[in-house]
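6 protein chains.
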Amino acid sequence: MLRLSPPGQLRFGQASSFDVTYGGGESNVAVSLANFGLETEFVTRLPQNDIGEACLQSLRRYGVGTRFVQRGGNRLGIYFLENGAVMRGSQVIYDRADSSFATVSSKTFDWQAIFADAAWFHWTGITPSLSAGAAGVCLEAVRAAHEMGVTVSCDLNYRAKLWKWGSPASKVMEELVANCDVAIGNEEDAEKVFGIKAPDTDVTQGNVTADHYQYVCETLAKRFPGLKTIAITLRGSISASHNTWSAILWQSGKTFTGPIYDIMPIVDRVGGGDSFMGGLIYGLNTYVNDPQKALNFAIAASALKHTIFGDFNLVSVNEVEKLMKGDGSGRVSR
Amino acid sequence: MLRLSPPGQLRFGQASSFDVTYGGGESNVAVSLANFGLETEFVTRLPQNDIGEACLQSLRRYGVGTRFVQRGGNRLGIYFLENGAVMRGSQVIYDRADSSFATVSSKTFDWQAIFADAAWFHWTGITPSLSAGAAGVCLEAVRAAHEMGVTVSCDLNYRAKLWKWGSPASKVMEELVANCDVAIGNEEDAEKVFGIKAPDTDVTQGNVTADHYQYVCETLAKRFPGLKTIAITLRGSISASHNTWSAILWQSGKTFTGPIYDIMPIVDRVGGGDSFMGGLIYGLNTYVNDPQKALNFAIAASALKHTIFGDFNLVSVNEVEKLMKGDGSGRVSR
Amino acid sequence: MLRLSPPGQLRFGQASSFDVTYGGGESNVAVSLANFGLETEFVTRLPQNDIGEACLQSLRRYGVGTRFVQRGGNRLGIYFLENGAVMRGSQVIYDRADSSFATVSSKTFDWQAIFADAAWFHWTGITPSLSAGAAGVCLEAVRAAHEMGVTVSCDLNYRAKLWKWGSPASKVMEELVANCDVAIGNEEDAEKVFGIKAPDTDVTQGNVTADHYQYVCETLAKRFPGLKTIAITLRGSISASHNTWSAILWQSGKTFTGPIYDIMPIVDRVGGGDSFMGGLIYGLNTYVNDPQKALNFAIAASALKHTIFGDFNLVSVNEVEKLMKGDGSGRVSR
Amino acid sequence: MLRLSPPGQLRFGQASSFDVTYGGGESNVAVSLANFGLETEFVTRLPQNDIGEACLQSLRRYGVGTRFVQRGGNRLGIYFLENGAVMRGSQVIYDRADSSFATVSSKTFDWQAIFADAAWFHWTGITPSLSAGAAGVCLEAVRAAHEMGVTVSCDLNYRAKLWKWGSPASKVMEELVANCDVAIGNEEDAEKVFGIKAPDTDVTQGNVTADHYQYVCETLAKRFPGLKTIAITLRGSISASHNTWSAILWQSGKTFTGPIYDIMPIVDRVGGGDSFMGGLIYGLNTYVNDPQKALNFAIAASALKHTIFGDFNLVSVNEVEKLMKGDGSGRVSR
Amino acid sequence: MLRLSPPGQLRFGQASSFDVTYGGGESNVAVSLANFGLETEFVTRLPQNDIGEACLQSLRRYGVGTRFVQRGGNRLGIYFLENGAVMRGSQVIYDRADSSFATVSSKTFDWQAIFADAAWFHWTGITPSLSAGAAGVCLEAVRAAHEMGVTVSCDLNYRAKLWKWGSPASKVMEELVANCDVAIGNEEDAEKVFGIKAPDTDVTQGNVTADHYQYVCETLAKRFPGLKTIAITLRGSISASHNTWSAILWQSGKTFTGPIYDIMPIVDRVGGGDSFMGGLIYGLNTYVNDPQKALNFAIAASALKHTIFGDFNLVSVNEVEKLMKGDGSGRVSR
Amino acid sequence: MLRLSPPGQLRFGQASSFDVTYGGGESNVAVSLANFGLETEFVTRLPQNDIGEACLQSLRRYGVGTRFVQRGGNRLGIYFLENGAVMRGSQVIYDRADSSFATVSSKTFDWQAIFADAAWFHWTGITPSLSAGAAGVCLEAVRAAHEMGVTVSCDLNYRAKLWKWGSPASKVMEELVANCDVAIGNEEDAEKVFGIKAPDTDVTQGNVTADHYQYVCETLAKRFPGLKTIAITLRGSISASHNTWSAILWQSGKTFTGPIYDIMPIVDRVGGGDSFMGGLIYGLNTYVNDPQKALNFAIAASALKHTIFGDFNLVSVNEVEKLMKGDGSGRVSR
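Protein chains in written order, with the working numbering: chain A, 49 to 382; chain B, 49 to 382; chain C, 49 to 382; chain D, 49 to 382; chain E, 49 to 382; chain F, 49 to 382.
Calculated from the structure, these hints are not laboratory results.
Please note that a few of the clues may not be correct.
To be verified - Label pairs and their calculated CB-CB ranges:
1) B:Gln160 / C:Arg115: 26 to 34 Å
2) F:Ser364 / C:Lys155: 41 to 49 Å
3) B:Asp259 / D:Ser381: 46 to 54 Å
Computed from a predicted model, the values in this text were never measured in an experiment.
Cβ coordinates follow ideal geometry from the N, Cα and C atoms, glycine included.
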């Protein structure tokens with residue numbers, strides 16, 4: 049997906065240029081994993097033009113495999129991002145209708161081949177929101193992965209501006225999540241997708257505390273018995289420039305809470321959830337049997353994302369581990 | 049329409065920002081006319097979001113009226129422009145499908161109100177190429193204008209990458225042009241739309257001379273008896289950085305040829321035809337009964353356009369007249 | 049007025065380019081009102097050159113009417129703005145002497161025509177500070193408006209670097225304010241113009257609280273019985289990057305206090321007072337008989353201004369209302 | 049003087065930033081001489097603010113001495129420069145009225161001290177054009193230098209947009225030039241200042257040949273017997289992007305003609321005459337008794353100036369000599 | 049290698065930023081081949097820091113394989129490039145001493161593994177110029193490739209500023225070229241490396257014609273019997289902005305000449321020879337038994353390079369073929 | 049030294065340009081002193097190329113004398129700076145090996161001449177860290193200055209990434225510091241160079257309080273009896289964007305503590321220590337016999353440095369004094 053954003057804090061109408069980056073839920077996770085040293089393949093469909101090519105280059109640049117990327121369709125999905133500041137929130141204008149990916153159909157991808165050597169498959173709630181075709185292909189993929197023994201993770205990732213193709217999110221997501229082993233969401237996703245609301249919370253006032261969200265995890269786990277691991281990211285939105293950031297992890301009945309980071313001033317918060325997911329997949333695979341450490345890695349990784357321009361979380365394992373160990377002093381390394 | 053172009057001569061994949069301007073056939077003509085001091089209204093449909101608002105601001109900035117602009121639909125049409133250089137041609141990637149304008153329908157505009165105080169209506173061949181709806185609305189407008197005694201002009205403006213909605217260009221344009229009083233085209237438009245080819249010409253070799261194109265005017269005039277004025281712009285494409293530029297004007301049986309400008313190095317050639325049309329409408333209305341002068345104004349105005357960044361021809365009547373009088377020396381005014 | 053500022057936090061001597069915007073007291077209020085959907089005309093005098101034209105385009109862009117703008121004189125006033133940070137304050141260098149507006153004289157504007165359809169006239173203390181001619185024209189305008197039943201508002205807006213043409217500010221302003229219905233000022237204006245000081249305050253230490261300023265309002269009201277509405281903006285200057293922002297409103301004997309916003313990091317504080325005035329005029333006209341709401345709108349609007357680059361407050365009524373309702377969380381809208 | 053120019057070929061109204069450089073006739077010559085290794089002092093008056101300071105830094109940066117620079121007055125003179133292209137000429141808007149230099153008076157500079165160690169004094173026709181005060185100070189300086197045996201050179205440099213303070217250019221310049229040893233001008237200066245026109249020339253058509261200008265030199269020499277050396281720069285203005293460039297030198301009755309350089313595409317032609325003067329002063333002092341070589345150095349130096357952004361000619365003696373020897377191939381040095 | 053260049057035509061001292069790209073002889077060829085669709089691996093050594101990583105990303109971005117890249121040593125080689133214009137040549141300042149590659153030694157690369165699946169190996173004369181270690185490793189590679197039946201090509205690429213480590217270029221290159229099958233050079237390389245000068249040529253005057261260079265090819269072929277294919281690129285250096293560009297190809301006794309392209313204005317000529325080599329390797333492998341077509345492809349590809357910013361030739365096979373067919377008109381593709 | 053940094057908060061791999069500034073320990077102090085109005089000469093060795101020239105211009109620009117700068121050697125030292133944000137620290141990559149200065153030898157500078165008119169000599173621990181030659185020259189200078197009665201100050205300035213040429217820092221510094229009158233260091237320098245650690249401190253947790261560092265001063269004073277004045281800067285590293293900043297001064301047995309500034313958000317913290325040293329030298333020379341005021345000046349000056357882009361502290365005495373008096377409100381000066 050092409051991201052176009054006015055430089056700095058300019059409003060759309062003030063900009064005589066837009067900064068160009070590429071990103072989007074699953075690709076953001078893929079770049080995180082590639083940065084952490086895991087072998088990663090990104091599966092999508094891109095138009096056969098130079099904008100599609102530029103997107104592809106952007107993924108290859110960070111070491112993400114592109115063997116399974118299909119070329120076709122009419123256009124690359126676009127989103128316009130206006131960066132907010134203080135009490136003015138960032139604004140996203142989606143322009144994704146009829147993108148090459150939104151117009152995929154059931155024969156577009158050969159999932160058997162794709163999953164042949166795969167150990168983990170990740171998708172986000174944005175994919176099925178785009179179109180009936182995209183939802184169908186997503187279901188194909190999830191089923192194939194599940195049957196082939198590939199671990200399946202999802203980010204519920206609800207976007208009100210996108211779910212417009214007919215079926216309600218709740219119904220579509222129900223079947224998809226039923227095939228998953230791992231799920232994450234932010235403070236609102238479970239409520240907006242499945243109506244599971246954390247008690248006594250109001251995200252616009254910043255009171256998002258870990259204990260309120262244990263309930264969300266447990267309710268999700270009951271509803272989707274396949275889910276062995278559930279995480280909820282917890283963003284305290286003090287202002288567009290100042291957030292707190294944490295998460296909880298539920299695994300097989302136990303709930304783990306992580307540190308809360310205070311982030312001010314935020315450089316770029318888009319892709320925060322994806323960077324958490326990238327950190328969590330790395331953490332679960334690296335700190336096997338240590339869910340606390342996996343959670344801590346994911347939170348630290350995604351806290352750092354807020355200091356990086358663009359959707360991608362361009363940090364190394366070393367940098368995440370330094371922060372996990374408690375050094376957030378930002379002293380110059382020289 | 050939103051125009052996104054890599055800075056300078058960068059290729060799409062090299063750009064970390066895109067220059068943002070707004071433009072498109074009819075709006076370019078409108079801005080030319082407003083710059084020349086004529087009262088002008090632009091009629092279109094823009095999405096109800098801040099990108100649509102930015103487009104509107106861009107028109108208002110140059111004094112174009114926006115009273116009749118409708119808000120609605122999903123998106124602003126986009127085109128990506130990569131600037132060429134020397135033997136590498138510029139490249140346009142259209143991303144206009146399902147734009148707010150492409151999804152207009154017959155009730156969108158109230159043409160009686162729009163033309164109530166109007167003396168001239170201009171449209172281009174790009175409009176009906178976008179969709180059946182756009183073609184229908186265009187026909188509505190052309191008929192209403194014609195019936196209300198408004199002079200109607202068109203730019204044939206053939207774009208192979210756009211005409212895809214079903215009806216062939218030739219058929220749609222036939223009916224539209226039949227209601228017109230004035231038509232212009234470039235060296236290729238008449239051939240590509242109506243199969244009327246200038247003999248012995250090859251646009252990629254630069255041999256486009258005035259005498260070959262008199263035939264095109266006469267053939268068009270026979271086919272469309274309503275056309276009292278026809279002009280053909282003549283671009284000698286020596287390279288992407290170096291063109292010659294001229295035009296011929298046919299009016300009621302007589303053919304006028306204008307000076308040939310040598311343009312090197314070109315700053316921005318997009319909108320060249322529109323700036324010619326803007327100059328011609330101004331010229332025909334100002335130098336009444338002096339078609340040679342009208343043509344000379346139009347050629348000089350559009351030659352100057354090649355020195356202006358963006359789609360819009362931001363030159364004044366004074367500047368055009370100075371060039372018409374033969375001063376293309378580019379001496380500093382101080 | 050042309051505003052030239054080094055990019056980001058660069059000092060003047062470091063800059064190889066200056067960011068270009070246009071602004072100034074009254075025009076900033078006009079743009080606010082146009083953004084809020086009110087019909088607005090800006091009255092000034094601009095030089096007949098392309099810098100003057102660019103200024104005009106900048107106003108038209110945001111929908112401000114320019115019918116009454118005169119062209120003439122020698123130059124557009126300039127101010128250079130160096131953006132401060134933390135404990136380094138922003139620095140303004142005025143270069144306004146002999147601007148086209150400063151050289152106006154009593155015949156420049158036809159106030160009868162200008163106020164024929166007007167309901168409200170706003171001016172600021174910067175105008176009479178520029179020259180005897182500007183002060184004279186300002187007085188002409190204020191009297192004409194007052195006589196024609198147009199509501200007159202002013203922003204006391206004292207600028208020590210400007211008042212240099214002879215008459216002291218206190219004397220000139222006395223007569224002007226006597227014709228006004230509404231007046232605003234910041235924490236220092238009433239003191240610097242009329243010697244009315246809020247007790248126990250020190251603006252460089254940030255202790256500017258509402259109760260101290262009620263006295264200022266009441267004293268002003270006694271001195272200028274025409275004033276029915278008085279407001280004082282209250283900026284707590286913690287640092288150049290961090291302010292608190294609030295205001296009080298006095299109306300016919302009652303004092304209203306508004307919420308205090310904490311703004312960190314500030315994007316651009318220039319034009320803060322003007323954006324308050326724009327919000328207040330909108331508020332008083334929209335929330336008739338609800339001065340508290342009018343005040344709250346004005347404070348919220350001007351708090352948001354601190355997040356917008358340039359002099360103009362480019363926010364919508366919706367955005368202001370969202371903040372008024374308490375949502376300053378800056379969550380991404382998507 | 050502060051020079052503000054839209055980036056690239058943008059028009060004034062299109063620019064959201066202006067490139068910032070400093071320059072002006074005499075300072076440009078000073079920088080040339082400092083670059084060529086001569087000890088140079090620049091004498092002017094700059095305002096006591098950070099814009100004046102930035103101007104000073106800009107001179108010091110290139111090694112120009114600033115010991116005699118006075119601080120005072122209200123503002124730094126400004127000129128706005130819009131870069132032309134092809135048949136659209138560059139446009140200069142002067143905003144110099146009431147600059148710190150324009151408001152100098154007879155006591156501002158101590159010419160005895162300034163010329164104590166000086167061998168050469170250079171001034172341009174722009175200085176006396178600014179104000180009566182500037183003209184008076186210029187005359188003071190010229191007389192003092194002449195009396196103290198300092199060689200005095202001038203560039204006639206006529207600017208129609210500037211001479212507005214009362215006395216006609218011809219009268220003021222008469223007395224000034226009478227005290228000079230060396231004078232230069234462009235194709236038009238002698239005509240515009242003293243009515244001495246080269247026969248059969250039309251600068252807007254590019255026919256400026258050396259033989260026509262011998263007459264101008266001889267007529268000047270007769271009128272001003274003190275002038276031992278006169279040079280005329282010859283610019284063939286094919287377009288704003290394409291010029292030819294040459295000059296003739298007259299010395300004690302003999303006329304020397306130099307090579308003609310073909311310059312395409314021009315990077316920045318402002319300061320071309322000043323760079324010629326800088327080259328000529330260096331040449332006359334270095335190639336003593338070889339006026340042909342002095343001329344050739346000056347032409348080569350100023351031809352190279354057209355490839356340098358800004359007013360200053362940032363080339364070295366080595367680079368000029370390489371071009372003098374005929375190598376204008378532009379091969380990469382590596 | 050890191051390339052740092054002032055924006056546009058700025059001189060080094062004027063720049064407040066440097067454009068950052070990555071490039072260098074062999075990598076430029078690798079990117080060309082990857083763009084043309086051939087599988088390519090780049091072999092080098094990069095420092096284990098984020099500048100080295102950025103270089104690696106730059107290669108991966110364009111699809112060049114980086115499996116064999118070693119990490120180690122102290123620094124990435126740098127070159128500073130100042131872009132010339134018209135008669136001011138571009139200037140290169142090398143800062144490559146002690147780069148990670150210059151400090152390689154004989155055990156750094158496992159050539160057996162590297163060439164296991166390779167069909168072609170390319171190196172340039174820059175590599176052995178850097179240090180004794182680099183020359184040794186280059187010889188290792190050339191011998192290994194030759195023995196394993198891999199076609200070996202070289203670009204003589206003489207850089208006077210580099211050859212400083214002890215052994216003369218002629219001696220070192222003698223042994224290296226003796227193991228090659230294909231060699232290219234520019235108009236001067238054969239002379240500067242082996243003393244083989246084309247008769248009657250002067251590169252600074254632009255007279256470089258094909259017939260003079262047949263002699264160079266034949267003399268090289270006699271001296272290095274292994275060379276079956278030799279090509280010489282022919283640059284006519286009219287100015288830094290204007291070159292002609294062609295080449296001759298000698299193959300097994302026959303000489304082929306190609307078209308001459310006129311390139312004005314040049315966007316970026318650095319990497320021109322590398323882009324020729326990339327085109328030639330592609331051409332020789334694609335148009336087997338048609339050396340004329342291989343030559344034409346190489347010339348067209350490298351002519352297009354002059355229109356692309358940076359060292360890399362980012363053009364596609366389609367674009368090259370369009371130019372080969374004679375369409376250099378630069379018409380907009382839309 | 050050339051400093052290259054990605055714009056804003058971009059990571060190295062994201063940047064398509066690097067901001068270019070010049071700086072380095074001693075030059076930063078020199079620029080501070082020149083800004084404060086003291087006559088200053090900078091002594092170094094720069095390469096004889098245009099990058100060296102640009103560095104020289106950068107110093108001259110701010111009024112630093114360059115009479116004693118030598119030209120020679122191969123390259124200008126470089127450091128790459130990636131700006132951190134929040135919990136991501138800034139990153140420095142040094143590329144200084146074999147710089148023109150690192151390759152100095154004992155005959156490079158004529159210290160007798162240099163110190164002939166000097167009253168104060170300052171050096172930093174970075175100089176002897178570069179190479180044996182640099183350490184030797186530094187010792188030469190320190191001894192010469194000491195013998196000639198010039199006050200000698202040093203900044204211990206330990207850089208782990210630099211000390212690699214053989215001798216340990218402790219040994220080399222021992223002899224150097226023994227010749228000094230004044231020494232400063234940050235919270236860690238005394239520990240890293242001489243093993244003198246403040247008790248109960250942890251710099252990555254931000255607990256750096258004045259009382260812990262009195263011990264460091266006293267221990268240093270005992271070890272180096274020549275030291276009459278010692279200062280320690282105290283940075284509380286809350287995050288990369290948020291620091292506290294203070295210092296203590298020890299003079300002849302008495303310890304002075306200064307105010308603590310809270311700095312958020314930091315613009316550029318590089319050169320903070322140097323700006324403290326510049327402020328201290330100015331303060332000790334200006335507020336003779338008032339060490340408290342000298343300390344306060346140094347802290348205020350260096351707190352302000354954190355708001356200035358680049359290595360140099362471009363603030364005036366007035367600005368520092370305003371902050372010393374307690375006005376850190378950052379109100380706009382207008």
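Going through the hints against the structure:
Range check, B:Gln160 to C:Arg115: about 27 Å between beta-carbon atoms, so the 26 to 34 Å window is met. Under the hint 41 to 49 Å, the C-beta atoms of F:Ser364 and C:Lys155, about 46 Å apart, fit the expected range. At about 50 Å, the CB distance of B:Asp259 to D:Ser381 agrees with the hint of 46 to 54 Å.
Checked against the numbered hints above, the structure violates none of them.
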